[in-house]
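Chemist: Sequence:
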Amino acid sequence: MMNKLVLGIAVILAGHTGMASASGFYVAAKAGATQVRSTENTLSSSMLAGGLNNTVGEIDVPSANRINFTPSFAMGYEFSTDWEQPVRLELAYLAGGEVSQNSTLNTTMTSGWVDSGKFIQNLPVSVQRQQKTRVSTLMLNGYYDYTTGTPFTPYITGGVGVALLKNAASLSQSSAGLSFSSDTFSQNNTQMAWSLGAGVAWALTPALSLDAGYLFTNAGDVTTEGTASNGIITSTWKSHTHLQLHTLQLGLRYTF
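Using this note's numbering, the first residue of the sequence shown is number 967, and each one after it goes up by one.
These aren't lab readings, by the way, just hints derived from the structure by calculation.
Incorrect hints may appear among the rest.
The calculated lysine-lysine pairs, modelled on BS3-like cross-linking and capped at a C-alpha distance of 30 Å, are [unchecked claim]: (1) 1204 / 1132; (2) 1204 / 1098; (3) 1132 / 1098.
The following label-pair restraints were derived from C-beta to C-beta distances [what the hints assert, rightly or not]: (4) 1118 / 1023: 53 to 59 Å; (5) 1057 / 1138: 40 to 46 Å; (6) 1200 / 1039: 21 to 27 Å; (7) 1202 / 1106: 37 to 43 Å; (8) 1057 / 1120: 19 to 25 Å.
Don't be surprised by glycine CBs; every beta carbon is placed ideally from N, CA and C.
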């Protein structure tokens, strides 16, 4: 069904090639696969039980990744039309997908009295974190096209923009008869993002091209903070992650 739709769009656009006015403006639609990588994961918590404070310092959490189907849409301008430069500039949106992670970590927590601040002991603790992070990007991309005198045009690209991140996390912790489980807390964050990539365009007609390429995107960081209570136990925690995207896409570009 998807192949028929893409083919139908290509036929319709190709039929209008003769009316193209070579304005330089274009639209593009792509689809492909993006590996969303959750890296630089850290976790910390503090649990207060009566007058006793139990702290888990910042600990590392293993990385996670997931491959998602990712559509993208763009509109841009080709400077080769009026300026005779093999350069393009476009505004592009990518729905990057999500990555989930369930981690169980066995570590130690420092336990001490709140009033005196005196050290009591280090206790073994088990921490379970569940996290799901979604990401999409809105980027201003620049392209440099290497003209070859053939229908095939290799290109390199770089971009800057914003990553729209949503992180949802929950935490459970148990040690020495003290335990808590938190609700799921969400955090939306807009981060500066940058990207680098390369690919090749195949000119099907003077106005219609088939583009294939790879794009790396650094999507920034998001931190979620949460709280929980269980009788006399109250706790706070913090979960952090950094997002990277590795994208392979294929799509059509139509120049007006």
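Chemist: Now look at each hint and say whether the structure bears it out.
Modeler: We went through each hint and held it up to the structure:
no.	hint	in the structure
1	1204 / 1132	holds (15 Å)
2	1204 / 1098	holds (14 Å)
3	1132 / 1098	holds (8 Å)
4	1118 / 1023: 53 to 59 Å	holds (55 Å)
5	1057 / 1138: 40 to 46 Å	holds (43 Å)
6	1200 / 1039: 21 to 27 Å	violated (46 Å)
7	1202 / 1106: 37 to 43 Å	holds (38 Å)
8	1057 / 1120: 19 to 25 Å	holds (22 Å)
In summary, the one numbered hint that this structure violates is 6.
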